[in-house]
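J.: Dock chain B against chain A, hints included.
Those sequence lines, one after another, are chains A and B.
First residue of the first sequence: 13, per this note's numbering; consecutive thereafter.
First residue of the second sequence: 13, per this note's numbering; consecutive thereafter.
Read the hints as simulated data drawn from the structure, not as lab findings.
Predicted, not measured: the structure shown is a model, and the values here were computed from it.
We put the beta carbon where it would ideally sit given N, CA and C, even for glycine.
None of the hints are false.
Facing chain B, according to a computed beta carbon distance under 10 Å, are these residues of chain A, among others:
1) Ala23
2) His36
3) Ser45
4) Ala49
5) Val59
6) Cys63
7) Gly64
8) Leu65
9) Asp121
10) Thr124
Protein chains: 2
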Amino acid sequence: MKKAKPRRQRAHPFAYEGLERVMHERARLGVLSSLLAHPKGLSFAAVKQLCGLTDGNLSRHLDVLESARLVEVTRETGGGRPQSLCRITAEGRRRFVGYLSVLERVLLDAQTPVRPASAPQTYATPR
Amino acid sequence: MKKAKPRRQRAHPFAYEGLERVMHERARLGVLSSLLAHPKGLSFAAVKQLCGLTDGNLSRHLDVLESARLVEVTRETGGGRPQSLCRITAEGRRRFVGYLSVLERVLLDAQTPVRPASAPQTYATPR
Numbered sequence: 013m014k015k016a017k018p019r020r021q022r023a024h025p026f027a028y029e030g031l032e033r034v035m036h037e038r039a040r041l042g043v044l045s046s047l048l049a050h051p052k053g054l055s056f057a058a059v060k061q062l063c064g065l066t067d068g069n070l071s072r073h074l075d076v077l078e079s080a081r082l083v084e085v086t087r088e089t090g091g092g093r094p095q096s097l098c099r100i101t102a103e104g105r106r107r108f109v110g111y112l113s114v115l116e117r118v119l120l121d122a123q124t125p126v127r128p129a130s131a132p133q134t135y136a137t138p139r
Numbered sequence: 013m014k015k016a017k018p019r020r021q022r023a024h025p026f027a028y029e030g031l032e033r034v035m036h037e038r039a040r041l042g043v044l045s046s047l048l049a050h051p052k053g054l055s056f057a058a059v060k061q062l063c064g065l066t067d068g069n070l071s072r073h074l075d076v077l078e079s080a081r082l083v084e085v086t087r088e089t090g091g092g093r094p095q096s097l098c099r100i101t102a103e104g105r106r107r108f109v110g111y112l113s114v115l116e117r118v119l120l121d122a123q124t125p126v127r128p129a130s131a132p133q134t135y136a137t138p139r
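The following block holds chain A by itself, in its conformation from the complex (with noise of 0.2 Å):
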């Protein structure tokens, strides 16, 4: 995982850049994990119960996670009904990935106390 500067090396240290709107909303947050957890993919009602979000809330998210190319949505006709399978895109995980690593960056910071500048910078393992 790509790792964000830390504190003492950003201009505005608490200001957390990489937290893209199109990722951060909590929906499509949800989304995103659910699809990254599943690299196969998952159907659409596959997505909807784990994340437990409507039909009309995830179609909306989900146009606005292709319109941005991190998810791709396919229809999947071979035997039974068709059905939506959501998958994420080798871009949409590299950015994800990107994104996961400033939250991270917002867990170590919330554990390491503000200190003199000459002070060793630790690094806090979340618990």
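T.: Below, chain B without anything else, positioned relative to chain A:
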């Protein structure tokens, strides 16, 4: 830090209901993080700098955080020219720590491949 439930114990494992909108908004997440790291409080100017916000933006977000009782802003007049001091409240600290535990869960989920229910759940330390 209070722990969020492991993925398998959640009805909608990727819903992340604990990501309260009032704290999840990126600028407010930064403001709360900066104040958590400075328990004695920060001046308005310091928060503005640390979070890379404009006067207007910070004022607006502080209003939202004050209304939610997460932050308190007091006018300090002793000595030099008056300035606003921003502090995270006890309630703010408690709720923000709860919020952070959900963020931690997001990171753990991203590092935990989906596996059969019988397999052990391992704790993957974020790199």
